[in-house]
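Counting in the working numbering, the sequence shown runs from 1 upward without gaps.
None of these hints come from the bench; they were simulated from the model. Be aware that one or more of the hints could be misleading.
What the hints assert, rightly or not - Derived CB-CB ranges, DEER-like:
hint	residue 1	residue 2	range
1	Ala39	Leu261	25 to 33 Å
2	Leu193	Pro283	43 to 51 Å
3	His174	Ala256	24 to 32 Å
4	Leu13	Gly111	27 to 35 Å
5	Leu265	Leu139	27 to 35 Å
6	Glu34	Ala269	21 to 29 Å
7	Leu17	Gly126	48 to 56 Å
8	His174	Gly124	42 to 50 Å
9	Arg97	Ile272	17 to 25 Å
10	Ser35	Gly126	29 to 37 Å
11	Val273	Leu139	46 to 54 Å
Built from N, CA and C at the ideal position, the CB exists for glycine as well.
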Amino acid sequence: MTMSKRTILVFILSLFLASWSIQSAAIAVVGDLESGAAAPWLIVIMFMPGLWALGYLALFNRAAFRRIRFWPGNPVWLVLAGLLPAALALVTLGLVRMLGWGEGTFFAFDGSGVDVLRGPWQLGPGEQGWLYFSANVALTALLFAAMNGVVAVGEEFGWRGVLQDHVIDRFGLHAGIVLLGLVWAFWHLPSILAGYNYPETPVLGGFVLFPVALVANSYVLAWLTLRARSFWPAVLFHGSVNGIFAGVTEDIAPAAGVVQLQIDLLILALQIVLGLAAALTLPRRTGQAAAVAADRSV
Numbered sequence: 001m002t003m004s005k006r007t008i009l010v011f012i013l014s015l016f017l018a019s020w021s022i023q024s025a026a027i028a029v030v031g032d033l034e035s036g037a038a039a040p041w042l043i044v045i046m047f048m049p050g051l052w053a054l055g056y057l058a059l060f061n062r063a064a065f066r067r068i069r070f071w072p073g074n075p076v077w078l079v080l081a082g083l084l085p086a087a088l089a090l091v092t093l094g095l096v097r098m099l100g101w102g103e104g105t106f107f108a109f110d111g112s113g114v115d116v117l118r119g120p121w122q123l124g125p126g127e128q129g130w131l132y133f134s135a136n137v138a139l140t141a142l143l144f145a146a147m148n149g150v151v152a153v154g155e156e157f158g159w160r161g162v163l164q165d166h167v168i169d170r171f172g173l174h175a176g177i178v179l180l181g182l183v184w185a186f187w188h189l190p191s192i193l194a195g196y197n198y199p200e201t202p203v204l205g206g207f208v209l210f211p212v213a214l215v216a217n218s219y220v221l222a223w224l225t226l227r228a229r230s231f232w233p234a235v236l237f238h239g240s241v242n243g244i245f246a247g248v249t250e251d252i253a254p255a256a257g258v259v260q261l262q263i264d265l266l267i268l269a270l271q272i273v274l275g276l277a278a279a280l281t282l283p284r285r286t287g288q289a290a291a292v293a294a295d296r297s298v
């Protein structure tokens with residue numbers, strides 16, 4: 001059964017109230033959400049969408065469980081989901097270096113390959129040819145995608161596992177994806193305003209940069225999950241973003257005269273390009289959605 005618009009609104013508002021309360025408590029108790037002391041709080045917060053979705057399904061709409069495909073499906077989509085953020089991170093680093101905006105400390109590049117200087121790269125440090133380096137990054141990306149996915153599943157079961165199909169059925173493909181991206185972004189709002197992700201521009205980050213980025217990412221995740229007919233690619237994509245993408249991009253030190261906002265805007269531009277590519281190649285309708293189109297609303 002598809003959620004009614006009223007049910008979707010109640011679901012979102014109640015989730016915001018609960019999640020914002022926990023985020024506010026974490027900020028009051030810990031202060032710096034980037035610190036290790038904040039980790040238990042962040043884990044609880046990340047599981048809120050999934051717990052809310054489970055509660056809704058168990059209490060009000062058990063029939064909707066059949067819409068969720070728990071089997072991960074074709075592994076191609078899982079691998080692609082884990083690798084896309086890694087590719088985006090390396091493109092970001094390459095453009096930042098080319099523009100003279102900054103430099104990272106993980107790699108030293110030359111025409112023949114890469115000198116891996118430090119970091120958790122699974123095939124080790126040292127001078128590497130491009131093929132070996134690519135394998136090193138890919139293996140590391142997939143490993144951290146899986147590791148971080150243990151926590152990211154708390155969000156993605158709620159967002160892509162449950163809510164995505166309902167908002168698409170109720171509002172249409174593009175409006176539903178945009179709505180979900182905005183919900184996903186503003187669900188983070190207290191943390192962003194406290195300096196998480198955008199410590200130098202929290203207000204701009206919370207109300208402009210992060211919402212635009214997550215609408216773009218919402219299209220990418222819809223592209224992956226609608227094709228896979230499974231929410232698991234979203235889990236690995238999210239895990240990879242929180243792993244290798246965050247690690248590489250946050251390692252970039254801006255050059256003299258360059259502000260962090262310039263790099264943030266470059267990252268946002270790349271996310272928009274990827275989101276537009278996903279939007280232009282979305283499937284018209286999923287098998288899941290077609291199968292339940294005649295269901296009554298709850």
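Now the hints, each set against the structure:
no. : hint                        : result
1   : Ala39 x Leu261: 25 to 33 Å  : holds (27 Å)
2   : Leu193 x Pro283: 43 to 51 Å : violated (36 Å)
3   : His174 x Ala256: 24 to 32 Å : violated (42 Å)
4   : Leu13 x Gly111: 27 to 35 Å  : violated (55 Å)
5   : Leu265 x Leu139: 27 to 35 Å : holds (31 Å)
6   : Glu34 x Ala269: 21 to 29 Å  : holds (24 Å)
7   : Leu17 x Gly126: 48 to 56 Å  : holds (51 Å)
8   : His174 x Gly124: 42 to 50 Å : holds (44 Å)
9   : Arg97 x Ile272: 17 to 25 Å  : holds (21 Å)
10  : Ser35 x Gly126: 29 to 37 Å  : holds (32 Å)
11  : Val273 x Leu139: 46 to 54 Å : violated (26 Å)
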